[in-house]
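Line by line, the protein sequences are chains P and B.
Taking full-length UniProt numbering, the leading residue of the first sequence gets 1, the next gets one more, and so forth.
Taking full-length UniProt numbering, the leading residue of the second sequence gets 1, the next gets one more, and so forth.
Honestly, the hints are just simulated from the structure, not real lab data.
Because the structure is a prediction, the values reported are computed rather than measured.
We put the beta carbon where it would ideally sit given N, CA and C, even for glycine.
Treat the hints with care, as some may be off.
Within a straight-line C-alpha distance of at most 27 Å, the following computed BS3-like cross-link-like pairs (lysine-lysine) qualify [as the list claims (entries may be wrong)]:
(1) P:K139 <-> P:K128
(2) P:K7 <-> B:K162
(3) P:K7 <-> B:K178
Derived DEER-like restraints, expressed as beta-carbon distance ranges [stated by the list, open to error]:
(4) B:P284 <-> P:S25: 25 to 33 Å
(5) P:D62 <-> B:V165: 22 to 30 Å
(6) B:H69 <-> P:E19: 32 to 40 Å
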Amino acid sequence: MTAPLPKRIIKETERLQTEPVPGISAQPHDDNARYFDVTVQGPDGSCYEGGVFNLELFLPDDYPMTPPRIRFLTRIYHPNIDRLGRICLDVLKNNWSPALQIRTILLSIQALLGAPNPEDPLNEAVAKQWKDNQAEAIKNAREWTKLYAQPKE
Amino acid sequence: MSRSHFSRSPRGNQDPTFTRTHSHSHSSSNPINTLGLPSPPPNGRRSSMGVEVRGMRRLEQRRNMEESHYLACNARAQNYNPPVDLRLLDYVSSYDNNLMCAICRCPFVDPVILNECDHCFCRACIRQCWNTNTTYTPLGPRGDCPTCRTPAKLGPRSATSKILVNLVDELIVQCPRKDDGCKAEVRRCEVQDHVNIYCGYTLIECTGKDCTDPVRRKDAAQSCLHYGASCLLCHKELQQWKLEAHWRSECPDRRVHCEMCKSPVFHRELEMHNKETCPAISTPCPGCSSRNKRGHAEAHAKSCTFAKLAPVLLRQQERLDEQEAAQKEMSRKLEVLEGGFTNMQGILFPSQEVENADRRSGDSNHIPYLRRSLVSPENADADAPTNDFAGFDWNFSAADVRHDGASSAETFQNGMASPPTRAAPAVPGPRPDDLPEPFSSDFDLASPPTFPPSGPYASPLHHLLSMHESLRDEMTRITSALSELDGRHSMQILNENLRTREEISYLAAQTAGLQRQMHWFTSAQLQRQQGRSPTPGASGSALGGAMMDAGAGAGVEAAVGAVSTAATALRGAARMVNVGGSASGVGMRRGTSEEGRTKL
Ligand SMILES: [Zn+2]
Ligand SMILES: [Zn+2]
Ligand SMILES: [Zn+2]
Ligand SMILES: [Zn+2]
Ligand SMILES: [Zn+2]
Ligand SMILES: [Zn+2]
Ligand SMILES: [Zn+2]
Chain P
1 MTAPLPKRII KETERLQTEP VPGISAQPHD DNARYFDVTV QGPDGSCYEG GVFNLELFLP
61 DDYPMTPPRI RFLTRIYHPN IDRLGRICLD VLKNNWSPAL QIRTILLSIQ ALLGAPNPED
121 PLNEAVAKQW KDNQAEAIKN AREWTKLYAQ PKE
Chain B
1 MSRSHFSRSP RGNQDPTFTR THSHSHSSSN PINTLGLPSP PPNGRRSSMG VEVRGMRRLE
61 QRRNMEESHY LACNARAQNY NPPVDLRLLD YVSSYDNNLM CAICRCPFVD PVILNECDHC
121 FCRACIRQCW NTNTTYTPLG PRGDCPTCRT PAKLGPRSAT SKILVNLVDE LIVQCPRKDD
181 GCKAEVRRCE VQDHVNIYCG YTLIECTGKD CTDPVRRKDA AQSCLHYGAS CLLCHKELQQ
241 WKLEAHWRSE CPDRRVHCEM CKSPVFHREL EMHNKETCPA ISTPCPGCSS RNKRGHAEAH
301 AKSCTFAKLA PVLLRQQERL DEQEAAQKEM SRKLEVLEGG FTNMQGILFP SQEVENADRR
361 SGDSNHIPYL RRSLVSPENA DADAPTNDFA GFDWNFSAAD VRHDGASSAE TFQNGMASPP
421 TRAAPAVPGP RPDDLPEPFS SDFDLASPPT FPPSGPYASP LHHLLSMHES LRDEMTRITS
481 ALSELDGRHS MQILNENLRT REEISYLAAQ TAGLQRQMHW FTSAQLQRQQ GRSPTPGASG
541 SALGGAMMDA GAGAGVEAAV GAVSTAATAL RGAARMVNVG GSASGVGMRR GTSEEGRTKL
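Same shape as in the complex, but just chain P (with noise of 0.2 Å):
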């Protein structure tokens, strides 16, 4: 017998397609419903703007006492994203919070779209461009989004 979906869940599912967060969509697999879909549209005015980015979103069983699990789907050109598409942030790791929710960790998502931190790497090739030639980076990153993350039709 499995557990029944924890109230959490099922609210912040409910709240995600209700208020959704604008630029954010968050999509449960009709089989699973600890398994979401994920776009995040690029912020404005970063080298990611115009591109639609596809995530994958796992909760856990012991969700919200462990962070849920991300992964970009969509080939990204970032300092902080490895070419698996692996996130480095922090609160998705120690400095996860069970007062987090999915919604706040999206845009700790979109934010790290629009604020690259090269200091801090998971990519070391692209983060050594970004240190050395930051506007061929942002270049890359632009062709990157343009050749990987245009929104279907």
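Given the coordinates of chain P, assemble chain B with the ligands onto it according to the supplied hints.
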């Protein structure tokens, strides 16, 4: 903790779950009553003490039994009715977001306030949070506040305002067994009592004799319901006490109400109803792009001109699809045919492969022969040294034509593949520009003006057709020659046969003459013997003569046999000749018929 408080409190007299066990234990379990039962001992102190001790022992045993029975019942009831998890309840009354725990997002359950930052959480939530993050410390659970990350610890008795506890306890919730049919809505602090004592849908032990199966409290007044029954609607076999739940949520034949149109439908037909008949579901108009509820679809169909045309449009669409499919088939066939044609052309004119490749490369000029005519010979001559592709093309085809012309006067008519043409295109496909050199030199040696720059045929297809025509002529000619030869041959055989037959008949006549002579000789000899035999004097000589005659007769007879065998042999030969003649006749007939066919 409130939960443990709830689960302990209600095991009182009013709990019907335990009425049975209690009612029969109350009479004896009351210590005062038991002590009062034995009458005061009439005689000595010793005996009274012994009775007393024995009574106490019996009492103790009975109590142990009762307690174990009670605990067992309790455990079973706990199994049927696990303690209510207040975080899974549905709240009827709306509540302020400030009453919500940041961890479980429900109204606080047994709230605690962290002294360091005054943030409030459920006791269970904050304990669970810190247990997973930090190791146990003797000073009690400690960790960072989940909201503000201030280091904090949970004291042995963290004080909480009574107001806060009352606020969350007053919230109205639905009975956790609402899915089974209970419609009760109670204050949250009373929900455990409701489930344990009042809720008709709580499972309790059956009141039937020797029956330990669970039953709903509201059904417990009836006699034991644990017997087999079958659903009246779907005929599924199950126990009587489960029927109600079956009708509520399982039976495929139960009546449910369509959410859209409110009409009652069978559960198993609900899907079909939604898909096909529900009048509240909108369907697209077959003609225009508007959507209408099924109930209004007819009214719309009357007003919408497109809807009237819908069947016509549908038929049109069908025909269009059919045509498209047919066209696809045709184009596929055409492709195959074209491929076959190209192959054939490649076999017949290997020299044209270059031009085919040229054409395949997207040249707008589809007919190489015509394109060749566009290039004047002078132009080609001038172009030749520059190795322009057009020039190369012209040179190549001119050489081609020259070879054709040189090989024989009627190459185009019957010798469709003269050896030089075959030899020329040893390299298939488009050639590099430096290759046409030998051809251009060839071309220079030849006298181009004598050849019309445009070939005798307008296109390769025409060329091919003319080839085919000449081949057909050739075939006809060969056929007639063959039949002629055949006739002559059979005539010859016939003549020969006739001669042989004459000879045979001559021989036969001769043999017949010989036979006649031989016959005459034999008869004469016999007559002579008969004339001599009656005279006894000559008996000896006659005997000798007879003996001699017998020898002669045998010789004659042998000769006759030989002649007759010769005649049979001759007859056989004649028959054979006859057979041969008839065979040749058949051959002739066949020959003529073939001739006739080829003439046709
Ligand atoms: Zn809580
Ligand atoms: Zn705090
Ligand atoms: Zn109830
Ligand atoms: Zn029973
Ligand atoms: Zn049924
Ligand atoms: Zn309906
Ligand atoms: Zn219409």
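So which hints don't hold here, by number, going up?
Hint 6 alone not satisfied by this model.
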